[in-house]
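Heads up: the protein sequence lines correspond to chains A and B, in order. Quick note on this note's numbering: the first sequence kicks off at 1 and runs consecutively. Quick note on this note's numbering: the second sequence kicks off at 1 and runs consecutively.
Rather than coming from a laboratory, the hints here were simulated on the basis of the structure. Bear in mind that the values here come from a model prediction, so they are computed numbers and not experimental data. Note that CB positions come from ideal geometry on N, CA and C, so glycine has one too. Among the hints, a few may not be true.
[Claimed, not checked] In silico BS3-like pairs for lysine-lysine, Cα to Cα no more than 25 Å straight-line: (1) A/K174 to A/K191; (2) A/K410 to B/K17; (3) B/K9 to A/K273; (4) B/K17 to A/K41; (5) A/K497 to A/K160; (6) B/K27 to A/K201; (7) A/K192 to A/K229; (8) A/K142 to A/K254; (9) B/K27 to B/K17; (10) B/K9 to A/K240; (11) A/K273 to A/K130; (12) B/K17 to A/K231; (13) A/K229 to B/K9; (14) B/K27 to A/K231; (15) A/K130 to A/K101; (16) A/K154 to A/K101; (17) A/K254 to B/K27; (18) A/K591 to A/K563; (19) B/K27 to A/K101; (20) B/K9 to A/K254; (21) A/K591 to A/K545; (22) A/K618 to A/K740; (23) A/K497 to A/K162; (24) A/K240 to A/K201; (25) B/K17 to A/K278; (26) A/K516 to A/K708; (27) A/K231 to A/K410; (28) B/K27 to A/K229; (29) A/K618 to A/K679; (30) A/K101 to B/K17; (31) A/K47 to A/K229; (32) B/K27 to A/K479.
[To be verified] Some, not all, of what chain A presents toward chain B, calculated at C-beta under 7 Å: (33) Y63; (34) N66; (35) S69; (36) Q238; (37) R374; (38) E487; (39) Y491.
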Amino acid sequence: MSKNINVALIGNPNTGKTSVFNQLTGLKQKVGNYPGITVEKKEGVCKLPRGVKAHILDLPGTYSLNTTSLDESVVVELLLNRNDKDFPDVVVVISDVENLKRNLLLFTQIKDLRIPAILVINMADRMRRKGITLDVALLEKKLDTKIALVSMRKNTGIEKIKELIADYKNLSTKPNVDTTVIAPDYFERLKKTFPNEDLYKLWLVITQDVNFMPIEKKTIPDTSSFSTKSKSELKRLQQKETILRYQFINGILKEAYKVDLKVARGFRATLDKILTHKVFGYLIFFIILLTIFQAIYDWSSYPMDFIDEQFAAASEWVKDSLPPGVFTNLIAEGILAGIGGIVIFIPQIAFLFLFISLLEESGYMSRVVFLMDRVMRPFGLSGKSVVPLISGTACAIPAVMATRNIENWKERLITILVTPFTTCSARLPVYLIIIALVIPEGRFIGLSYQALTLMLLYLIGFMAALFSAMILHKILDIKSRSFFVIEMPNYKLPLLKNVAYTVIEKTKSFVYGAGKIILAISIVLWFLGSNGYSDRFTKAEDLVKQRISEKGFTVYNQEDISKKMEAYRETLEDRQAMDRSQLLDSLALKKDSLEKRAVRQEIASFKLENSYIGNIGKAIEPLVKPLGYDWKIGIAVLTSFAAREVFVGTLATIYSVGNDEEETIKNRMAAEVNPGTDKPLFNLASGISLLLFYAFAMQCMSTLAVVKRETNSWKWPLAQLSIMSTFAYIIALVAYQILK
Amino acid sequence: MSTTVVDLKMGQRGIIKECADDILPIKLLELGCLPGNEIEMIQIAPLRDPIYVNVNGSHIAIRRSTARLILVDILEDA
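Chain B with its partners taken away, still in its complex shape:
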């Protein structure tokens, strides 16, 4: 099973592996949601949705359904 952005815990970071580019809104790509960039989970809303991430310096909130389209490699903090 592949890990996506929703699998990140609060404060955890990951490297974007792949985006479902057909469905993912182009706006996200423009904000820096591109393969190779780092993404950090900053906050999860009280009802678990939406989530608040920092990707490539852009602080954005997206819904879980969108976050599932972004595959990541989780960075284990030393």
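Pulled out of the complex, with its shape left as it was, chain A reads as follows:
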């Protein structure tokens, strides 16, 4: 007979709970959020002996059932609510053999709730090196449970866990500790008021209400009327409870658990001395950061270019092989381009999470937090915000996803909100082309002005992030834990399986979570850019061809064609073996193809000018004029709200030059004249104004989609979009008006 049972994995952080989960479920796992909150919910399925199928729930790591954070309250609420569909038939408490004493605190609390509980003691492989001896049989007897001594690293014991789970009916549900002795009178009264309820459960409900936030009382006894203790009295009682539990645990461990301290020290202490050293510590962190940076920035460009090419090729293929029409265009330019815009981020996300999970798994991350905490504190952040903020310099999307490690919600929200200020790699093409256009060449104490400008822009990004964090810290009224206690776990060699799962899972959550929104916006932008209501749009082809036949190509295209013809003629003449008629034929062919290309480009330009986007661009011209832009730059800025790097491509289309030649685009931009002032359109004033606008504005729908996913509401991404962009506008306006 096959049946389904619910199993919950509970344990302290850093006990290898995730490894156990991965081993039990393999890739049959699902990661989502608990409804309404941003705590991750990991579920999976596991086949057990004797045809039992187990639904495994991996609960957030917690040190006890005394809740102080949202993550922990998820655990407590589930365990208190017997009617929850996930309520476990059996709880598997994962512990770490080195910190057994502390891990057992949580175990005894769960046991006292009379829920069947198995104890898994992980990292058995470290026992010898740490000089630990353990009497498992005695421990089983004293704790009145079944124990599996396992090592996820050496892959031993997982079958034992499965067997114990399948056998859960034979587990004792007798409590370990009698909590009522900490305040006999109080519990006596409690018993009189709620005669049918379990006393320890009531106690947890009361302390949870007082310490953290009231839980929903649908199926849990409502104890709010029963308040005969003040907050500090309750806390003192909780302390008494903790001491009581430790007494019980110490009594057991004295007999069953022995550590030879002489063996235990050494490696960890040495490594800690180096990694948290005031010089070497920062140096090592800096080198690791550089490597991460290099990976996201540089190494990932190879797969990214490959993806880009593949999608461009696929788009071409669709256009060539399907009958031309709106539908083909939708697939080729809307949907494929949209999907390409999602897939292109996968290498960066995968690289960042590869490093982050290596750092986490090895135990190094806590040392970074330790080193950086004091530095970040004046800005209302803690050491935990450092890695997300710095990886934002490569790409804000994985960076925002990386904030999941910050348990404090206020801190995490602030980090999410300010990360997009850091200079991401998508800003770089825009910066490079504008700097090349408007910043004069020349040097200042050996450094080129252009390089200095670029550095300044990176600095501005960081400063903007830090100072807005400071402001947000002051104005955001969010209650959250303000204390800082970081466990410094032992150093371990990362388990490749866990690292791989993290990378796969984060990538998947980006593709499915944020991907939908990105795709939708791409299709909308495509529609606006490739459709128009006016005759000028629908008859664009005829109008442009007519104009060309009457007035010829635009001045720029005429010059471009004759220049290219000249160059072509020279290369042909260099090759001797060609008679005169052959030469003329070749030249005619070349000219024909160049002209056809020019026609195509001018039609595309004309169409874009008269599309909805073009109309919008012209409509907002009064708005961008004070910043020194014309409607063409306006359109480029508008389309950049999809992704900043689109700026260059859009200008290329508007100026009807091929998209592929950066140098050509630059020359074309340099030739553009502002009709109002007769000066070059891209001058120092408008250039700086553009640079500053791109530095501050929130122009990345993918980031917005990720922020929506991570904060579980549209409120924060919309606030980011409006506040950052308004700020950018004002700064750009001031800059232009001063420099003009």
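On the provided structure of chain A, position chain B as indicated by the hints.
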């Protein structure tokens, strides 16, 4: 003047005498920060804050402001 955890020098150990239990986060108690337990200063961060201690076998980092709430008797090493 009473000595607290912040007064420990690197490598020095002490026995916890008393915790300001009203203000001290319960999480610290759970990690073993209870009267009678031993606490060792392992490392002080470069900007003097936070500090890294071993209390009752738990290796944790806490800020100085929290550490001041934990009174200790310093163990003089022989």
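Results for each hint:
The suggested pairing of A/K174 with A/K191 holds, with an alpha-carbon distance near 19 Å, which does not exceed 25 Å. With a C-alpha separation of about 34 Å, the suggested pairing of A/K410 with B/K17 is violated against the 25 Å cut-off. Distance restraint check for B/K9 and A/K273: the Cα-Cα separation of roughly 15 Å lies within the 25 Å cut-off, and the hinted pair is therefore satisfied. A hinted pair counts as satisfied when its Cα atoms are at most 25 Å apart, and B/K17 with A/K41 does not qualify at roughly 41 Å.
With a C-alpha separation of about 20 Å, the suggested pairing of A/K497 with A/K160 holds against the 25 Å cut-off. Proximity of B/K27 to A/K201 is assessed by CA-CA distance (about 20 Å); at most 25 Å being required, the pair is judged to hold. The suggested pairing of A/K192 with A/K229 holds, with an alpha-carbon distance near 16 Å, which does not exceed 25 Å. With a CA separation close to 12 Å, the supplied pair A/K142 and A/K254 stays within the 25 Å bound.
Note on B/K27 and B/K17: the hinted pairing holds, with a Cα-Cα distance of about 18 Å set against a maximum of 25 Å. The straight-line distance between the Cα atoms of B/K9 and A/K240 is roughly 30 Å, outside the 25 Å bound, and the hint therefore fails. The suggested pairing of A/K273 with A/K130 holds, with an alpha-carbon distance near 19 Å, which does not exceed 25 Å. Taking the CA atoms of B/K17 and A/K231, the gap is about 23 Å. The hint holds against a cut of 25 Å.
For the proposed pair A/K229 and B/K9, the alpha carbon gap of about 40 Å is over 25 Å, so the pair is violated. Straight-line distance between C-alpha atoms of B/K27 and A/K231 comes to about 16 Å, which keeps the hinted pair within the 25 Å bound. With a C-alpha separation of about 15 Å, the suggested pair A/K130 and A/K101 falls inside the 25 Å cut-off, and the hint holds. With a C-alpha separation of about 23 Å, the suggested pair A/K154 and A/K101 falls inside the 25 Å cut-off, and the hint holds.
Note on A/K254 and B/K27: the hinted pairing holds, with a Cα-Cα distance of about 24 Å set against a maximum of 25 Å. Of the pairs offered as hints, the one joining A/K591 and A/K563 holds, with about 11 Å between alpha carbons and a cut-off of 25 Å not exceeded. Between B/K27 and A/K101 the alpha-carbon distance is near 15 Å, which keeps this suggested pair within the 25 Å criterion. Note on B/K9 and A/K254: the hinted pairing is violated, with a Cα-Cα distance of about 30 Å set against a maximum of 25 Å.
Straight-line distance between C-alpha atoms of A/K591 and A/K545 comes to about 17 Å, which keeps the hinted pair within the 25 Å bound. A hinted pair counts as satisfied when its Cα atoms are at most 25 Å apart, and A/K618 with A/K740 qualifies at roughly 22 Å. The hinted pair formed by A/K497 and A/K162 meets the criterion: a straight-line CA distance of about 20 Å does not exceed 25 Å. Using a Cα cut-off of 25 Å, the hinted pair A/K240 and A/K201 holds, with the two alpha carbons roughly 17 Å apart.
Between B/K17 and A/K278, the direct Cα distance comes to roughly 31 Å. Violation of the 25 Å bound is thereby established for this hinted pair. Restraint check for A/K516 and A/K708: the C-alpha separation of about 12 Å stays at or below 25 Å, so the hint holds. In summary, the hint linking A/K231 to A/K410 is supported, as the alpha carbons are separated by about 24 Å, within the 25 Å threshold. With a CA separation close to 21 Å, the supplied pair B/K27 and A/K229 stays within the 25 Å bound.
For the hint linking A/K618 to A/K679, the alpha-carbon distance of about 21 Å falls within 25 Å, and the restraint holds. Distance hint between A/K101 and B/K17 is fulfilled; the C-alpha atoms sit about 21 Å from each other, no more than 25 Å. Distance hint between A/K47 and A/K229 is unfulfilled; the C-alpha atoms sit about 47 Å from each other, more than 25 Å. Our distance criterion of 25 Å between C-alpha atoms is met by B/K27 and A/K479, whose separation comes to about 18 Å.
With a least beta-carbon distance of about 5 Å to chain B, the hint placing A/Y63 at the interface is held under the 7 Å criterion. Hint status for A/N66 relative to chain B: holds, with the closest Cβ pair at about 5 Å, below 7 Å. With a least beta-carbon distance of about 9 Å to chain B, the hint placing A/S69 at the interface is violated under the 7 Å criterion. Against a cut-off of 7 Å between C-beta atoms, the interface hint on A/Q238 holds, since the closest Cβ of chain B lies about 6 Å away.
Restraint check, A/R374 versus chain B: the minimum CB separation of about 4 Å is within 7 Å; hint holds. Because the closest C-beta pair between A/E487 and chain B is about 5 Å apart, less than 7 Å, the hint holds. Because the smallest distance between the Cβ of A/Y491 and any Cβ of chain B comes to about 11 Å, over 7 Å, the interface hint for this residue is violated.
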